[in-house]
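Each chain, letter by letter, is given below.
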Amino acid sequence: MDAIDKTIFNDLRATAGAEFVTDLVNTFFEEAPAMLADLRSARAAADAERYRRVAHSLKSNGNTFGAKDFAAQARAIELGGLAADPARDIENIKALEAAYNQAAAALKKLTHG
Amino acid sequence: MADSARLLVADDNKVNRLLMTRSLELLGHRVTVATNGREALDMLRRDTFDLMLLDIEMPEMNGFQVLEHLKADKQLHDLPVIVTSSLESVDNVVRCIELGAEDYLSKPVNPVLLKARIAASLEKKRLRDELKVMLHRFATREVVQDYQQSGLNLAGKRVRASVMFTDIRGFTTLAETQPPEETIELLNTYYTLMFDAIQNNGGVVTQMAGDGFMAVFGAPVPRDDYCAAAVRTALEMIETMELFNLERVAGNKPPIKIGIGIASGEMVAGYAGTTERTTYTCNGDTVNLASRLESHTKAAGRTILIDGATRAGLAENAKVESLGPVEIRGKAVPVDVFSVELGQKL
Chain Z
1 MDAIDKTIFN DLRATAGAEF VTDLVNTFFE EAPAMLADLR SARAAADAER
51 YRRVAHSLKS NGNTFGAKDF AAQARAIELG GLAADPARDI ENIKALEAAY
101 NQAAAALKKL THG
Chain X
1 MADSARLLVA DDNKVNRLLM TRSLELLGHR VTVATNGREA LDMLRRDTFD
51 LMLLDIEMPE MNGFQVLEHL KADKQLHDLP VIVTSSLESV DNVVRCIELG
101 AEDYLSKPVN PVLLKARIAA SLEKKRLRDE LKVMLHRFAT REVVQDYQQS
151 GLNLAGKRVR ASVMFTDIRG FTTLAETQPP EETIELLNTY YTLMFDAIQN
201 NGGVVTQMAG DGFMAVFGAP VPRDDYCAAA VRTALEMIET MELFNLERVA
251 GNKPPIKIGI GIASGEMVAG YAGTTERTTY TCNGDTVNLA SRLESHTKAA
301 GRTILIDGAT RAGLAENAKV ESLGPVEIRG KAVPVDVFSV ELGQKL
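Quick mapping for you: the protein sequence lines, in order, are chains Z and X.
Sequential numbering from 1 applies to the first sequence in my numbering.
Sequential numbering from 1 applies to the second sequence in my numbering.
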């Protein structure tokens with residue numbers, strides 16, 4: 001399965017402009033690692049509210065770029081909230097990070113050739 | 001393209017903020033951004049915006065809390081807000097609408113929908129603003145505020161207040177001796193001067209008929225010093241008329257004399273009429289007495305007449321002359337009437 005839904009991505013380019021979308025993707029690359037780190041830190045602090053909010057934010061960005069798998073995993077974390085067993089959450093975060101790496105690689109290819 | 005509007009985007013996510021700003025700028029609008037709810041609220045209180053696009057999930061203060069603050073804020077409660085979020089439950093969307101949001105758009109926001117919803121919200125705001133201007137033209141600030149806060153309550157409520165009736169002496173004769181255009185111009189100047197004095201003292205003009213009008217002090221906004229406010233206004237009105245008459249006499253025009261009657265006490269204040277056509281007014285014995293006192297100024301040869309209740313509401317040292325109990329038409333027993341000495345400061 002493609003990490004990025006091309007229809008969504010191309011629509012975004014068509015409406016916002018290709019150059020702008022490249023800049024937007026770069027912003028995402030700057031922001032997402034800190035957000036993923038924030039998700040881990042919220043899990044470590046057992047801060048359910050922040051955990052849910054950061055996952056929600058990542059989901060939103062994933063949907064914007066058509067990163068469907070990444071967005072779906074972020075959504076699952078948002079809706080699931082903190083699990084009784086922290087190890088399960090850590091596994092989910094790891095999987096989300098992997099999905100991000102795939103999405104980021106695909107986005108880089110699409111925007112930087 | 002629609003006229004450029006000033007929009008505020010509140011979103012903690014940088015990618016979302018940039019994309020929303022871009023979409024709105026492409027629609028020709030001017031955009032300012034806030035990174036959380038608290039910042040957005042501060043900006044709204046400092047600056048003027050036509051519409052806000054509000055995210056819900058934000059740190060510091062979330063979108064629901066922003067909507068709650070706006071709802072309770074007299075200055076901001078009718079600012080149109082479009083919530084843009086990817087809320088997972090319909091209940092949350094309903095909550096936004098219940099808290100006063102104009103519309104809800106789920107993220108990622110479809111640009112065509114965004115354009116249509118913003119245009120619709122701005123159009124609704126334009127109509128609301130126009131209505132506000134109309135209301136202000138036909139009613140005073142206090143009445144507009146009362147209407148906006150309490151709605152159109154045709155039942156009326158009991159208040160303690162002072163009512164003033166004013167009339168121009170010999171107006172019919174005056175109107176017959178000059179062209180109608182001049183009479184209209186005279187009335188406009190007269191009303192402007194008198195309403196200014198009334199408004200400066202917190203009074204509300206409730207009725208206008210020809211050259212006479214009625215004003216109330218102490219409603220719709222209650223106040224303890226309604227008697228003093230009404231009499232102070234009457235004195236200012238007479239002072240203003242004296243200055244106005246200097247100009248008229250200099251222009252070879254006859255001076256204008258007015259008579260003022262004031263009565264105080266309990267009355268029923270509220271909107272009278274139907275839900276289609278209505279006016280804010282006061283009714284009751286006190287109102288009738290004020291009207292009779294104004295009529296009596298001619299027979300008494302005095303300018304400002306007040307009843308005993310108004311006298312009791314003034315400071316001890318207020319200069320008034322008792323005219324004794326006076327037979328007033330419509331009153332079973334004679335009424336204590338006082339004439340207010342002109343030229344004093346209350």
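Keep in mind the hints are simulated off the structure, nothing from the lab.
Please read these numbers as outputs of a predicted model, since none were measured by experiment.
Cβ coordinates follow ideal geometry from the N, Cα and C atoms, glycine included.
You may find that some hints are simply not true.
Claimed, not checked - To give an idea of the interface, some chain X residues facing chain Z are shown, with a C-beta separation under 8 angstroms as derived from the structure:
| hint | residue |
| --- | --- |
| 1 | Lys14 |
| 2 | Val15 |
| 3 | Asn16 |
| 4 | Leu19 |
| 5 | Thr21 |
| 6 | Arg22 |
| 7 | Ser23 |
| 8 | Glu57 |
| 9 | Ser86 |
| 10 | Glu88 |
| 11 | Lys107 |
| 12 | Pro111 |
| 13 | Val320 |
| 14 | Gly324 |
Said to hold, decoys possible - Once the Cα atoms are required to be at most 30 angstroms apart in a straight line, the calculated BS3-like pairs of lysine-lysine come out as:
| hint | chain 1 | residue 1 | chain 2 | residue 2 |
| --- | --- | --- | --- | --- |
| 15 | X | Lys157 | Z | Lys6 |
| 16 | Z | Lys6 | Z | Lys109 |
| 17 | Z | Lys94 | X | Lys115 |
Claimed, not checked - To be clear about the criterion: a stretch of chain Z counts as covered by chain X if any three or more of its residues have a C-beta under 8 angstroms from a C-beta of chain X, and this derived list gives those stretches:
| hint | segment |
| --- | --- |
| 18 | 40-46 |
| 19 | 93-105 |
Comparing the hints with the structure gives:
no.: 1; hint: Lys14; result: holds (5 angstroms)
no.: 2; hint: Val15; result: holds (5 angstroms)
no.: 3; hint: Asn16; result: holds (6 angstroms)
no.: 4; hint: Leu19; result: holds (6 angstroms)
no.: 5; hint: Thr21; result: violated (10 angstroms)
no.: 6; hint: Arg22; result: holds (5 angstroms)
no.: 7; hint: Ser23; result: holds (7 angstroms)
no.: 8; hint: Glu57; result: holds (5 angstroms)
no.: 9; hint: Ser86; result: holds (5 angstroms)
no.: 10; hint: Glu88; result: holds (6 angstroms)
no.: 11; hint: Lys107; result: holds (5 angstroms)
no.: 12; hint: Pro111; result: holds (5 angstroms)
no.: 13; hint: Val320; result: violated (67 angstroms)
no.: 14; hint: Gly324; result: violated (76 angstroms)
no.: 15; hint: X:Lys157 - Z:Lys6; result: violated (65 angstroms)
no.: 16; hint: Z:Lys6 - Z:Lys109; result: holds (12 angstroms)
no.: 17; hint: Z:Lys94 - X:Lys115; result: violated (39 angstroms)
no.: 18; hint: 40-46; result: violated (count 0)
no.: 19; hint: 93-105; result: violated (count 0)
Consistency note: the structure conflicts with the earlier hints numbered 5, 13, 14, 15, 17, 18 and 19.
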